[in-house]
Amino acid sequence: MSGMDARELPLLRVREVARYHGANLGCRNVSFDLWPGEVIAVVGESGSGKTTLLNCLSAQLEPTAGTVRYNSRTDGLQDIYRMSEASRRMLMRTDWGFVHQDARQGLRMRVSAGANVGERLMALGARHYGDIRGEATDWLGKVEIDVGRIDDMPRTFSGGMLQRLQIARNLVTKPRLIFMDEPTGGLDVSVQARLLDLLRELIADFGLSAIIVTHDLAVARMLSHRMLVMHRGEVVETGLTDQVLDDPHHAYTQLLVSSVLQP
Amino acid sequence: MSAATTSSAPAATTDPGYNFAYLDEQTKRMIRRCILKAVAIPGYQVPFASREMPLPYGWGTGGIQVTASVIGPDDVLKVIDQGADDTTNAVSIRRFFARTAGVATTEATDEATVIQTRHRIPEKPLREGQILVYQVPIPEPLRWLEPREAETRKMHALQEYGAMHVRLYEDIAKHGRIATSYDYPVKVNGRYVTAPSPIPKFDNPKMHMNPAIQLFGAGREKRIYAIPPYTTVTSLDFEDHPFTVQKWDEACTLCGATDTYLDEVVVDDRGGRMFVCSDSHHCGERQAAQQTETAAPWKGAAE
Numbered sequence: 001m002s003g004m005d006a007r008e009l010p011l012l013r014v015r016e017v018a019r020y021h022g023a024n025l026g027c028r029n030v031s032f033d034l035w036p037g038e039v040i041a042v043v044g045e046s047g048s049g050k051t052t053l054l055n056c057l058s059a060q061l062e063p064t065a066g067t068v069r070y071n072s073r074t075d076g077l078q079d080i081y082r083m084s085e086a087s088r089r090m091l092m093r094t095d096w097g098f099v100h101q102d103a104r105q106g107l108r109m110r111v112s113a114g115a116n117v118g119e120r121l122m123a124l125g126a127r128h129y130g131d132i133r134g135e136a137t138d139w140l141g142k143v144e145i146d147v148g149r150i151d152d153m154p155r156t157f158s159g160g161m162l163q164r165l166q167i168a169r170n171l172v173t174k175p176r177l178i179f180m181d182e183p184t185g186g187l188d189v190s191v192q193a194r195l196l197d198l199l200r201e202l203i204a205d206f207g208l209s210a211i212i213v214t215h216d217l218a219v220a221r222m223l224s225h226r227m228l229v230m231h232r233g234e235v236v237e238t239g240l241t242d243q244v245l246d247d248p249h250h251a252y253t254q255l256l257v258s259s260v261l262q263p
Numbered sequence: 001m002s003a004a005t006t007s008s009a010p011a012a013t014t015d016p017g018y019n020f021a022y023l024d025e026q027t028k029r030m031i032r033r034c035i036l037k038a039v040a041i042p043g044y045q046v047p048f049a050s051r052e053m054p055l056p057y058g059w060g061t062g063g064i065q066v067t068a069s070v071i072g073p074d075d076v077l078k079v080i081d082q083g084a085d086d087t088t089n090a091v092s093i094r095r096f097f098a099r100t101a102g103v104a105t106t107e108a109t110d111e112a113t114v115i116q117t118r119h120r121i122p123e124k125p126l127r128e129g130q131i132l133v134y135q136v137p138i139p140e141p142l143r144w145l146e147p148r149e150a151e152t153r154k155m156h157a158l159q160e161y162g163a164m165h166v167r168l169y170e171d172i173a174k175h176g177r178i179a180t181s182y183d184y185p186v187k188v189n190g191r192y193v194t195a196p197s198p199i200p201k202f203d204n205p206k207m208h209m210n211p212a213i214q215l216f217g218a219g220r221e222k223r224i225y226a227i228p229p230y231t232t233v234t235s236l237d238f239e240d241h242p243f244t245v246q247k248w249d250e251a252c253t254l255c256g257a258t259d260t261y262l263d264e265v266v267v268d269d270r271g272g273r274m275f276v277c278s279d280s281h282h283c284g285e286r287q288a289a290q291q292t293e294t295a296a297p298w299k300g301a302a303e
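Protein chains in written order, with the numbering used here: chain P, 1 to 263; chain U, 1 to 303.
Hints in this document: simulated from the structure, not taken from any laboratory.
Beta carbons: idealized from backbone N, C-alpha and C, even for Gly.
Worth double-checking, as some hints may not be accurate.
Here chain U is said to cover these stretches of chain P; the calculated rule only asks that three of the stretch's residues, wherever they fall, bring their Cβ under 8 Å from a Cβ of chain U [claimed, not checked]:
#1 82–90
#2 105–111
#3 127–141
Same shape as in the complex, but just chain P (with noise of 0.2 Å):
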């Protein structure tokens, strides 16, 4: 690998990744590469383990087999299981981030929005309050936040707006990829309109590499140029957005897509 120019080389290489709950299935026989500034969709029902697929990625979950190896700044491809634990959570806070779906899970609820999306830069060293702030004043105006709330508490905000809170604090350190559990569950239809404006325009801005578990295809559709379908803990079919959305070919992708209501 060290001959090679970074640039020729995935951001997140899976290779054969499986994970067993016990004797039960989570996933298995998982194999993709996501490139630099790729948006990989991952959709599929409930249980199809799209959720297990996810941590194993995103460092949370260690596989039954399979490896994830990630193309870190200084050293190439890393397998992130094999990494020292300070490296892999120093990972997880700077060149990665994860947006869940309940953005409570994400978000201290008992800071100030302002200090949410300043932690991320406060651990990695920053230690001039005025800059912090200035940061965060300007990332809240890039989600779309009233800055003028800077001081206030998450639990005072709406589900939309804890959302792109999230977001922002993530963004923070400009991460190269993020991990996203179904960004838009759980908000109303024209909230999600707009979250998804946001994600679009956030994702091209920053060139960010993401990847996306949803059983939304309209999100997918908007979001990802890849997807991958994902049916009894395996990918039952691969290929871009467009192409899998309006030509499936596993029964399971035909029966995914026709279910959906056409306005």
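With chain P fixed as given, assemble chain U onto it according to the hints.
Below, chain U without anything else, positioned relative to chain P:
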């Protein structure tokens, strides 16, 4: 609040029903081993098998066990509570060791070899050979935002201390300045973020490069930690909001000191109040020195 305050208990009155200094020898040995480890890793919280003590949790069960383990027959013990030698808790603990260990007790900071304290560091600078024992209610400085012990240990191990600054950030955002005024987090020897116990931040600078050994005992939480002599102790802050200590516009009503930590005392029900040194021995000593001079302007207020 009498002036010359050394009142040594006769060393021969040890209660024969107790082992020396109350704890059994095996327990003291276990605690001493923990103290040695704590001194070797400044600021690191060493778990220990805290014993039931004949006083309630929160009254100094950790401090009293540490004191019992380090005290010897020749030591001279001083106990202070909120700076004062004459409060109930201080008097009880002093009497406890006078009875079970037969040690001499004192109120004079410079005569003591072991000083057990709650909420203050004496105003008079400590010297080499003295041991300062703190009573600690919550030894974990990260506890307020991370309730899981396994996680806080990991954060210490990996030096993930960004969260401490989140707390200071919140203070500035809410109050315009760092409003935390006691138990102000410090970094010991450039490594471990440590709770200085609920001493006012006024006392934080005294911990830095102190010639005395500083031992911390948390009985309910079962932790011992230490700051060895001449160890760096820095208070966390921001570049544009540096650490500062409390200041008072008033001087001590009794001794006139302007450089000590002052307690505000309400003296009547019409809003009358006065400020006095919280370190009662230091204040008394200053008053005695003034009384021996010809002019003694605070003489009337002294008693």
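Consistency of the hints with the structure:
Counting residues of the segment 82–90 of chain P whose beta carbon lies closer than 8 Å to any beta carbon of chain U gives 3, which reaches the threshold of three, so the coverage claim holds. Given as covered by chain U, the segment 105–111 of chain P passes the check, having 3 residues with a CB less than 8 Å from a CB of that chain where 3 are the minimum. With 6 residues carrying a beta carbon less than 8 Å from a beta carbon of chain U, the segment 127–141 of chain P meets the three-residue requirement, and the given coverage holds.
In the structure shown, no violation is registered for any of the earlier numbered hints.
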